[in-house]
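Go ahead and model the full structure; you've got the sequences and the hints to work with.
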Amino acid sequence: MVFASFNNIISSLGFSTLENYEAVNKSIVGVKKRILPFSKEEFCVSQIENDQIKSRFSELGDEQLYTKLEQLSILSINDVLQKSGIDPKDSRTLLIYSTTKGNIDLLETPQNNLIDTKRVNLWSFANTLQNYFNLSNTPVVVSNACISGILAIIIAKRYIEKGLYDNIIVCGGDILSEFTLSGFKSFNALSNEPSKPFDAKRTGINLGEAVSSILITNNSKLASVYNTQIISGYSANDANHISGPSRTGDGLYHCLKQLNISETDSIGFISAHGTATPFNDEMESIAFERANLSNVFVNSLKGYYGHTLGAAGVLETVLSLESLKNQRLIKSEGFEEIGVSGKISLIKEHQNNTFSSFIKTASGFGGCNAAALFKKL
Amino acid sequence: MNSITSYARIKNNSVFVNGTLVFSADTNLNITEFLSEAYKKLSISYPKYHKMDTLCKLGFLCAEFAIQNTPFLEANNLDSIGIVLSNSSSSLQTDILHQNSISNKEAYFPSPAIFVYTLPNIIIGEIAIKHKITGENAFFVSEKFDSELITNYCEMLLQNNTTALVSGWVEINETNYDAFIFLTERKENINKNTIFKPLNKQIVTELYNT
Numbered sequence: 270m271v272f273a274s275f276n277n278i279i280s281s282l283g284f285s286t287l288e289n290y291e292a293v294n295k296s297i298v299g300v301k302k303r304i305l306p307f308s309k310e311e312f313c314v315s316q317i318e319n320d321q322i323k324s325r326f327s328e329l330g331d332e333q334l335y336t337k338l339e340q341l342s343i344l345s346i347n348d349v350l351q352k353s354g355i356d357p358k359d360s361r362t363l364l365i366y367s368t369t370k371g372n373i374d375l376l377e378t379p380q381n382n383l384i385d386t387k388r389v390n391l392w393s394f395a396n397t398l399q400n401y402f403n404l405s406n407t408p409v410v411v412s413n414a415c416i417s418g419i420l421a422i423i424i425a426k427r428y429i430e431k432g433l434y435d436n437i438i439v440c441g442g443d444i445l446s447e448f449t450l451s452g453f454k455s456f457n458a459l460s461n462e463p464s465k466p467f468d469a470k471r472t473g474i475n476l477g478e479a480v481s482s483i484l485i486t487n488n489s490k491l492a493s494v495y496n497t498q499i500i501s502g503y504s505a506n507d508a509n510h511i512s513g514p515s516r517t518g519d520g521l522y523h524c525l526k527q528l529n530i531s532e533t534d535s536i537g538f539i540s541a542h543g544t545a546t547p548f549n550d551e552m553e554s555i556a557f558e559r560a561n562l563s564n565v566f567v568n569s570l571k572g573y574y575g576h577t578l579g580a581a582g583v584l585e586t587v588l589s590l591e592s593l594k595n596q597r598l599i600k601s602e603g604f605e606e607i608g609v610s611g612k613i614s615l616i617k618e619h620q621n622n623t624f625s626s627f628i629k630t631a632s633g634f635g636g637c638n639a640a641a642l643f644k645k646l
Numbered sequence: 002m003n004s005i006t007s008y009a010r011i012k013n014n015s016v017f018v019n020g021t022l023v024f025s026a027d028t029n030l031n032i033t034e035f036l037s038e039a040y041k042k043l044s045i046s047y048p049k050y051h052k053m054d055t056l057c058k059l060g061f062l063c064a065e066f067a068i069q070n071t072p073f074l075e076a077n078n079l080d081s082i083g084i085v086l087s088n089s090s091s092s093l094q095t096d097i098l099h100q101n102s103i104s105n106k107e108a109y110f111p112s113p114a115i116f117v118y119t120l121p122n123i124i125i126g127e128i129a130i131k132h133k134i135t136g137e138n139a140f141f142v143s144e145k146f147d148s149e150l151i152t153n154y155c156e157m158l159l160q161n162n163t164t165a166l167v168s169g170w171v172e173i174n175e176t177n178y179d180a181f182i183f184l185t186e187r188k189e190n191i192n193k194n195t196i197f198k199p200l201n202k203q204i205v206t207e208l209y210n211t
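As they're listed, the protein sequences go chains A and B.
Take the first sequence: its letters are residues 270 to 646, numbered as in the numbering used here.
Take the second sequence: its letters are residues 2 to 211, numbered as in the numbering used here.
Some, not all, of what chain A presents toward chain B, calculated at C-beta under 10 Å:
#, residue
1, Phe448
2, Asp519
3, Phe634
27 Å max Cα-Cα, derived DSSO-like pairs, lysine-lysine:
#, chain 1, residue 1, chain 2, residue 2
4, A, Lys358, B, Lys202
5, B, Lys131, A, Lys526
6, A, Lys301, B, Lys106
7, B, Lys145, A, Lys431
8, A, Lys301, A, Lys600
Keep in mind the hints are simulated off the structure, nothing from the lab.
For each residue, glycine too, the CB sits at the ideal point set by N, CA and C.
The following block contains the structure:
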């Protein structure tokens with residue numbers, strides 16, 4: 270059995286899973302209009318306060334020696350190591366890092382000369398984390414657009430099932446940068462207001478920054494209060510278009526079909542990708558209906574956090590685990606009126622419910638899709 | 002048993018298929034010029050190719066050379082074929098192009114046609130679209146070609162719902178380029194005269210180094 274266990278979220282809504290869950294449960298939205306250092310115009314984003322990072326990181330290391338993403342990742346991974354008590358130096362422990370752009374800010378801002386610009390390379394970024402924690406194994410880096418986070422969790426499950434490792438920390442992270450904001454803006458994909466996934470009036474994405482970590486383990490003694498198994502998980506490609514999803518949700522449907530959902534799974538909800546772009550949300554609704562999941566509740570957490578790219582799949586899985594543990598369905602923030610043609614039912618208000626599992630899905634550029642099924646024992 | 006049934010290698014302005022040189026160009030040609038010549042050698046017409054960034058062109062061509070003249074696509078269900086690629090520099094050369102387009106506020110021209118290629122898994126998407134391959138995807142980043150990482154993950158997929166794989170390494174950095182793509186299928190080496198080789202770390206390392 271493979272368990273999804275101890276975890277952490279660092280975002281605009283807090284530096285721990287608990288802080289994040291409590292904020293979301295109070296419907297606090299992390300996305301705000303801001304003027305960013307590189308632009309005179311306002312962007313609607315979810316940003317972590319720099320002074321918060323600074324004060325927290327000072328207990329763990331010299332901020333001069335680490336980039337923003339490295340500091341956040343060290344804080345997040347450290348939290349999981351502390352909570353789980355696993356030994357990072359153990360040869361049966363691995364770190365899998367999920368990111369789209371890593372230290373991309375090393376391309377844009379002049380850095381102090383204590384940080385080697387070669388750390389813009391994702392493997393070099395991961396080596397910095399390896400050195401900080403004295404990890405005995407070279408971290409595995411997954412960079413597969415917006416499915417990176419959930420794909421990294423699926424990969425961790427496969428590694429453990431093959432018997433290569435006992436404990437894998439999956440960490441996902443990306444920061445807000447002019448690089449990604451300007452790119453999504455050039456696609457006309459950004460919303461100037463807090464995003465409204467699956468809503469009739471949705472106009473696009475908010476970008477956000479976050480780092481989230483989770484322990485994936487075969488050790489039932491480390492399963493923690495979540496006591497939740499990763500039952501199955503798959504990825505699939507639409508083979509349709511590099512920057513737009515299949516109109517008929519082919520790839521996502523293919524993933525969902527393979528999950529082998531049974532009557533007894535008692536699925537509480539699907540944590541959808543729900544970026545709030547017209548095409549993505551429409552595609553997802555069609556895939557969910559095709560997979561006979563029309564009667565299962567759906568939420569998107571992008572209304573709280575925006576799209577946190579490489580962190581999203583991990584962060585949304587962690588928050589969903591918390592939701593499962595508390596037997597509480599989290600409202601799909603920003604949703605008011607259905608604006609997709611596939612028959613699905615969004616969670617309109619936070620509510621208690623009895624359920625034993627959830628599905629996490631994601632889709633991204635390059636036509637990629639992924640889905641995984643989590644179940645409480 | 003899992004067998005490597007075909008492989009292609011592109012480096013130093015030469016293309017090798019199953020270890021045999023099939024095309025080479027003057028080493029003075031830069032990568033763009035060389036890839037353009039290699040594309041002609043394939044004798045295919047694929048307009049989407051010309052929109053790709055250099056990294057995708059390299060990966061696309063290497064996959065074409067590995068797949069061309071094989072029964073790979075006919076012998077496997079397209080939704081059971083996975084694509085697993087890796088490299089060292091992710092999409093850094095195109096990242097720099099996008100960064101340059103936004104670094105000057107007086108000449109600020111970010112382009113979606115460039116930005117979409119600032120993700121390494123777009124290579125997977127391009128290969129998938131060409132052949133309608135809809136199975137598993139993964140893109141890994143490692144300092145050097147890591148035959149253990151790739152072989153292990155291929156084996157994990159082949160134990161699951163995947164029956165065949167397009168996998169390998171597609172790298173471009175500021176000084177060099179290097180591509181290696183191999184096809185793996187769940188097949189025995191029935192005819193001893195075929196080039197089939199068992200999928201394992203040693204063989205993958207050997208094929209990469211030839």
